[in-house]
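Chain residues, written in single-letter form:
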Amino acid sequence: MKTDISHISAVFVKQCKDILKNTQVLVLFFVYPLVAAVMTTSVGDQLGQTDFFISIFATMHAVFTPVVVTASIISEEKEKNTLRVLILSGIRPVEYLSGIGGFVFFCTMLTGSSYLAMGSYDVRSGAAFMLCMAIGCICSIVLGLAIGGFANNSIGANALAVPISMVISFLPMIAYFNETIGKVSKYIYGQQIGNFMLSPSDYHLTGETISVVIINFLLCLVAFILVFRHNRIDN
Amino acid sequence: MKAVRLVNVGKSFGEKEVLRNVGFEIEEGEIFGLLGPSGAGKTTLIRILTGQLAGFGEAFVFGESCDRLKENNYREIGMVMDNSGIYERLDCYDNLKLFVNIYKIDKKIIEEVLGMVGLSAEKKTPAGKLSKGMKQRLILARAILHRPKLLFLDEPTSGLDPATTKSIHELLLRLRSEGTTIFLTTHNMEEATKLCDNVALLHEGKIIEYGRPGQLCRKYNQENKISILIKNEQLIMLANLPENAARIEELFKQGEVVSIHSSEPDLEQVFLTLTGRGLEE
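Residue numbers (the numbering used here), protein chains in the order written: chain L, 137 to 371; chain R, 69 to 349.
Everything labelled a hint here was simulated from the structure, so no lab data went into it.
A quick note: this is a predicted structure, and the numbers were derived from the prediction, not measured.
Think of the CB as a built atom: it goes at the ideal place given N, C-alpha and C, for glycine as much as any other residue.
One or more hints might be untrue.
[Claimed, not checked] With a straight-line cut-off of 20 Å between C-alpha atoms, the simulated DMTMM-like cross-links for lysine to aspartate or glutamate are:
1. L:Lys216 with R:Glu156
2. R:Lys165 with L:Asp140
3. L:Lys153 with R:Asp162
4. R:Lys299 with R:Glu277
5. L:Lys153 with R:Glu190
6. L:Lys138 with R:Glu156
7. R:Lys200 with L:Asp140
8. L:Lys157 with R:Glu144
9. L:Lys216 with R:Asp162
10. R:Lys197 with L:Asp140
11. R:Lys175 with L:Asp187
12. L:Lys157 with R:Asp174
13. R:Lys172 with L:Glu215
14. R:Lys70 with R:Glu144
15. R:Lys138 with L:Asp140
16. L:Lys153 with R:Glu318
17. L:Lys157 with R:Asp162
18. R:Lys203 with L:Asp187
19. L:Lys216 with R:Asp150
20. R:Lys70 with R:Glu126
[Stated by the list, open to error] According to the in silico footprint, chain L covers these stretches of chain R (three or more CB under 8 Å from chain L):
21. 163-177
22. 183-192
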């Protein structure tokens with residue numbers, strides 16, 4: 137049976153309406169851009185570290201927010217049995233997951249584009265910055281899908297999603313000040329994303345960067361597939 | 069074609085056998101009631117029929133095996149389950165709009181359905197702020213939004229006030245008159261008697277009786293007596309026999325009769341007779 141685009145858009149539109157009334161989740165899309173804006177305008181110029189602050193908070197935005205939001209949405213739908221209703225109305229799991237994933241991606245990229253206004257990016261480096269954010273966001277959405285599918289309720293999902301995403305998104309920041317941590321964190325996609333975002337115009341992609349991101353993505357995907365098989369969302 | 073057909077359906081959860089050799093058929097356009105106390109297996113049977121649970125035996129909905137239901141089959145089914153979720157932050161209109169988009173039907177139906185369940189005034193109220201009865205009506209509105217041919221209702225009026233219950237009953241009778249087949253589970257024998265064309269009594273996972281509510285009550289009319297309340301508050305009990313016809317006629321002629329009842333039991337008493345326990349237990 138083919139995937140029905142109208143089903144995906146129905147889920148997407150539903151989620152757009154829902155998020156506007158769910159301020160606790162909505163604020164996650166704005167918190168890091170706002171903090172970055174405050175930091176860059178207040179102390180960034182004085183310290184000459186504008187791009188540093190942007191890269192730190194953009195990494196958190198691209199990594200932390202999608203994991204927590206995706207896991208939160210899916211676990212809440214499972215907990216409140218709305219997911220069951222959707223599946224029984226003919227929505228296929230892939231359509232539902234695409235609708236939710238697409239929504240989180242759209243919101244992350246939309247609010248994440250505000251970082252472009254804070255830094256001094258030309259078209260090429262701005263596009264590279266956003267591409268890098270998109271890659272981090274996709275990895276995080278897949279990880280969030282796995283966590284949301286695994287957890288039985290939203291409390292359980294947050295208990296897993298927050299520490300995991302904090303490790304992935306905060307380690308790059310700590311690694312700037314601690315080389316030992318940097319030796320470990322370079323194997324996490326958050327670190328590679330953060331490095332790229334720090335200097336998108338002159339960052340030279342290495343085999344290590346590409347392979348770390350791909351392996352991390354595959355690990356998230358395997359986790360998601362295992363969770364989906366073991367704890368099917370349509371069961 | 070039968071709307072529902074079950075042949076020797078069974079289900080076990082581990083060691084516990086929840087359903088045993090369940091079999092019956094439901095004609096299109098009838099209201100069928102599955103009666104039984106809590107834990108009898110009513111919800112399990114609905115979950116098997118709606119493809120949410122695999123069981124033994126054969127279960128069919130409109131000729132399609134229940135373990136192979138597809139999107140087009142679900143288009144013909146509406147459900148009100150005890151665990152049917154609603155989006156509490158979205159208002160009533162948007163809760164239904166989502167399913168209008170999924171079913172690709174005209175959004176004008178939303179206003180009509182909200183009117184049918186008496187929620188027109190609450191159109192813009194967040195679902196989380198509705199009372200229990202209103203939430204149940206919203207779930208019912210969602211279940212009938214796409215005009216399903218078969219409606220599964222799992223204790224749709226449980227815990228609701230009499231006015232809401234009455235309005236839901238009226239709606240169900242209207243849906244039946246429009247050709248919808250309704251599969252209803254309840255432990256409310258009044259509801260079953262009032263609404264159902266046929267009922268099955270489920271006890272410990274087994275169908276112990278099946279038939280029209282009136283027929284079942286007459287079948288288990290063991291006393292077979294006529295009780296007559298006369299003007300001096302005296303209750304006269306007479307065997308339902310031809311030789312007592314003259315006595316009853318005489319009481320009527322004398323204008324003594326305040327009320328007269330036959331002694332057939334209600335479904336609750338039938339269930340009690342068959343199992344030794346009540347439906348509400």
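Hint-by-hint comparison with the structure:
1. Only pairs whose Cα atoms come within 20 Å are accepted, and L:Lys216 paired with R:Glu156 is accepted, the gap being roughly 9 Å.
2. Restraint check for R:Lys165 and L:Asp140: satisfied, since their Cα atoms lie roughly 17 Å apart, inside the 20 Å limit.
3. Between the alpha carbons of L:Lys153 and R:Asp162 the distance comes to roughly 8 Å, so the proposed pair stays at or under 20 Å and holds.
4. Proposed proximity of R:Lys299 and R:Glu277 is contradicted: the alpha carbons are some 39 Å apart, above 20 Å.
5. Annotation: proposed proximity of L:Lys153 to R:Glu190 holds, straight-line Cα distance about 18 Å (limit 20 Å).
6. Annotation: proposed proximity of L:Lys138 to R:Glu156 is violated, straight-line Cα distance about 31 Å (limit 20 Å).
7. About 34 Å separates the Cα atoms of R:Lys200 and L:Asp140, which puts this hinted pair outside 20 Å; it is violated.
8. Taken as a hint, the L:Lys157 and R:Glu144 pair is broken in the structure, with Cα atoms around 32 Å apart against an allowance of 20 Å.
9. Using a Cα cut-off of 20 Å, the hinted pair L:Lys216 and R:Asp162 holds, with the two alpha carbons roughly 17 Å apart.
10. Proximity of R:Lys197 to L:Asp140 is assessed by CA-CA distance (about 33 Å); at most 20 Å being required, the pair is judged violated.
11. The hinted pair formed by R:Lys175 and L:Asp187 fails the criterion: a straight-line CA distance of about 49 Å is larger than 20 Å.
12. Simply put, L:Lys157 and R:Asp174 have alpha-carbon atoms about 26 Å apart, too far for the 20 Å limit, and the pair is violated.
13. Proposed proximity of R:Lys172 and L:Glu215 is contradicted: the alpha carbons are some 27 Å apart, above 20 Å.
14. Among the hinted pairs, R:Lys70 with R:Glu144 is consistent with the structure: their alpha-carbon atoms are about 14 Å apart, no more than 20 Å.
15. Annotation: proposed proximity of R:Lys138 to L:Asp140 holds, straight-line Cα distance about 14 Å (limit 20 Å).
16. Pair hint L:Lys153 plus R:Glu318 does not hold up; C-alpha atoms about 73 Å apart against a cutoff of 20 Å.
17. As the CA atoms of L:Lys157 and R:Asp162 are separated by approximately 12 Å, the hinted pair is consistent with the 20 Å bound.
18. For the hint pairing R:Lys203 with L:Asp187, the CA-to-CA distance comes to about 51 Å; that exceeds 20 Å, so the pair is violated.
19. At most 20 Å may separate the alpha-carbon atoms for a hinted pair to count; L:Lys216 and R:Asp150 meet this at roughly 12 Å.
20. Between R:Lys70 and R:Glu126, the direct Cα distance comes to roughly 14 Å. Compliance with the 20 Å bound is thereby established for this hinted pair.
21. With 6 residues bearing a CB less than 8 Å from a CB of chain L, the stretch 163-177 of chain R meets the requirement of three and the coverage assertion stands.
22. Judged by the Cβ-Cβ criterion of 8 Å, the stretch 183-192 of chain R is not covered by chain L as claimed, because only 0 of its residues qualify and three are needed.
The structure fails to meet hints 4, 6, 7, 8, 10, 11, 12, 13, 16, 18, 22 from the earlier list, while all remaining hints are met.
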